[in-house]
Amino acid sequence: MTERTPLLHYRLSTSVNESEPRCPSPGQAPAQHPGSPRKKSAQQRQPEKLSIFFGVVIPTLLSMFSVVVFLRIGFMVGHSGLYQAIAMLLVAYFIICMTVLSVCAISTNGALDAGGAYYMISRALGPEFGGSIGIMFFLANVCGSALFVLGLVEAIMDTFGVPEDGSLATSPYQVLPSGYWWSLLYGTGVALLCLLVCLVGAHIYAKATFVIFLVVMFVLGTVFVSFFAVQPRTIVLPGSAAFNPTVNGTGPAFPTTANFTGFKLDTLQGNLWADYSVDYTTNTMMTFATVFAVMFNGCTGIMAGSNMSGDLKNPSYSIPRGTITAVIFTFIIYNMLSIMVACSCDRILLQRDYSFLRDINIWNPFVTVGVYSSTLSAAMSNLIGASRILYALARDDLFGKVLSPAKKTSHSGNPWVSVLLSWFLVQLVLFSGKLNTIASIVTIFFLLVYAAVDLACLALEWASAPNFRPTFRYFTWHTCALGIVGCVVMMFLINAIYASASIAFMLLLLLLIHYLSPTSSWGYISQALIFHQVRKYLLMLDVRKDHVKFWRPQILLMVSNPRSSVGLIKFINDIKKSGLYVLGHVQLGDLDSLPSDPLQSQYDSWLSLVDHLNIKSFVNLTLANSVRHGVQHLLFISGLGGMRPNTLVLGFYDDCLPQDKLIDPSLSVDSPDSPPDAEQPEPLFHFASLRGSGGGGKVVGPQEYVAIIADAMKMLKNVVLARYFTGFDRARVLSPPSSGPGKGAVFVDVWPVNLLRPDSCSYVDTCSLFLLQLACVLNMVRAWRRATLRLFLCMEEGRSVRGSEEKLGQLLKELRIKAQVYSVPWDQQVALHWQRQGDWAKKPRPATPDDYAAAADEADDEEEESDGDFVNSFQSNGARLSDDYLSAVNKLILDSARPAPAVRFLYLPRPPADTRRYTTYLPQLELLTRDLGPTLLIHGVTPVITTDL
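Counting with the working numbering, you get residues 226 to 1174 for the letters of the sequence shown.
Treat the hints with care, as some may be off.
[What the hints assert, rightly or not] Distance condition first, Cα-Cα at most 25 Å in a straight line; then the derived DSS-like pairs of lysine-lysine:
hint, residue 1, residue 2
1, Lys802, Lys761
2, Lys802, Lys1043
3, Lys1043, Lys1032
4, Lys774, Lys939
5, Lys1043, Lys770
6, Lys774, Lys761
7, Lys1116, Lys1038
8, Lys886, Lys795
I should point out that these hints are in silico values taken from the structure, not numbers from a laboratory.
The structure displayed is predicted, hence computed values, not measured ones.
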């Protein structure tokens, strides 16, 4: 009986050279300064770059062949038949060819640094995907190295080990003790051998690669020759203690011998069709899916050449040609072996002896040497690859200080700490002791990496980035998508549970890196994809199709200095209701007199402010010779397409000194361990100091301020003036004390009447409805849902309070607004107003020509709001309001709201049509809102509410 090479479990991963040489090649000296005395000697020690054949073809061939070519061909043909075997090879190679096309495309898109697949994915998809896939690739190489170590131990034990069942040895060479702990000891010895090689440097393995390649090719040549040179013979099939096909000793017994017939038509006809049976090594029934999954493991390893990118003379030239050459060569060899095996071996031989190629070889030890050499090279290659991936991850600082020790290298550039850490993890995996425990995980991890490469290429293609123009053009987004689908399907076909767990683990790593890793300078493909999609959908957003049902506030908030506007910025973020939110700022200056644009250097501070306050806002800065012109610029140009501001928010113009409420996080906390003379960190924000505290005076006057309001209304923009928001703290406002009036309740007060027009107290116009809409929008925000809307209805003597409340309640019901309605008598305040007019009977005096001109201008403006009701619009008394009346109304607002609300919404009247009256407009608003707390004066010019479905 001839000696048999053991079956390395058919789920053995074959990714021999899936390494990630992210760092300088071992043996390559680190870079020296030009004046360094060691520069010449360092250059002499630097290894020569590899060509296509030595750098790509040989690693890829060894990676794809490994032990598969010797131990899995018979298994595939014996169970599935020649027809299905060729079909499996076609499908498997179609899947991997889609990934090969993606690899070739990315590798020819400019300069490719060392790092292979990890470099491609991380630089294309960003640090989140790159880091998570890098960890998966590292674990795959670690498990792959342990897998090949275990496979080599099993091969050695089958040839030289004493049988575990106590039976007599069939060979005088079977002298090694067997058992779990003995196998672990042998595996540790093999792993130590790999460790020593890796610690000395990868150049030792690189020099041996060609020798190993020659050995494998020679053994493969003897296999082909044996089909013709060896005479037909009978081969004794291996026994299996675990495999017992009989039932109580009465079932049909399987034959103990099988025939190698040589090339015969009868043999070929008997092997054409599928005949799935029980696998003698695992005692499980084989199916198309299980055999295909086993065979597909032999097609992986396609990235072995691209992973050598840092050591290639011309990666962009070598990787596509070398990888495709290796894939075509292995495909031809697998098909030729399948055909020859089907023509010359009984099906029983193929199903019951997976190592039959040695039994029919012209000299049996040839196949044994091939198995040993390919397996040992695979174990060392995966260990080297794992160490390079770990070193690359440490260098990129994606996991902070956790991986910082792995950055250490020797004088020759070998990452010895990464090698030790990788070997330690390999040693831990060896404790599993069984190949099938980890074989499926390894293959799934590699398939996940391949899918990520396809995804990277697909994203680059879909983003249509001008800089993505690879010289390799034989790919489309269809090939990328097919590669992704193929890899995912194979993952779940091999093991659905492991596939789901690996994807979940990758997503967990992705989130971890996203929230913990620092911002990288690699570029984010997500930004390019978002730009591509946003541009497409903005073109589809047609302003001609706007409808009041889908109106939402799109706000431009003018900010003079963010230091005093933190409370207002946060509050407006609540009121935007998923609409556009733009922070606008005007810097005074003339570009003609400046050497460069001063705004470009300020954007970083503003964007850091947006991140610090955790708001969803854009930033738009402009340079103008006046604030008014700057606001006009922003109102004209802010936004894009259908996303343009419809509401302008301004801080109130008063004499209150601003307060600095912006806390710089980089300067807010001083470490107690830092020395007193330690260098202070760079501040995050670079905003000017506030006026009154070292800054200058106001940059806008009252006349210009009112003109800005008038300009916005002319441009059909809603206007909001915000007062007393400097010290606004949403957390404190929404968490009032539980004792005292209100008992922890939060209120939002709405006064939908133009309080500067007492003759229109019962008038409900577009502006009043706009107030209600904004208050309702605020109440819909999650943080403000517990707040209660209070609507105040000003009533005069003689009017039906109950009837007015019912009408308003019915209106609120139709508008789906939940609010408490309060009637407020204000006869005394109205009396003060008419007392100033000198008409106690509430009859207007004869108007002067100036009054008629001003009233006519206001009537034209109000006509849009009141459906042409000129009577109510004609009474323009804003310029003749007394301070007593305004103080009385202010006191009415204060006294009517108990407890005090979190914020008030008041009606903002239009500025006077006569610009000479601008100086009286602001004092009236100031007196009306004095000491009211956070208050919004709102003027709406567009319909925003509908009762239609």
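Evaluated hints:
| no. | hint | verdict |
| --- | --- | --- |
| 1 | Lys802 - Lys761 | holds, 23 Å |
| 2 | Lys802 - Lys1043 | holds, 17 Å |
| 3 | Lys1043 - Lys1032 | holds, 14 Å |
| 4 | Lys774 - Lys939 | holds, 24 Å |
| 5 | Lys1043 - Lys770 | violated, 29 Å |
| 6 | Lys774 - Lys761 | holds, 24 Å |
| 7 | Lys1116 - Lys1038 | violated, 30 Å |
| 8 | Lys886 - Lys795 | holds, 12 Å |
Hints 5 and 7 from the earlier list are contradicted by this structure; the remaining hints agree with it.
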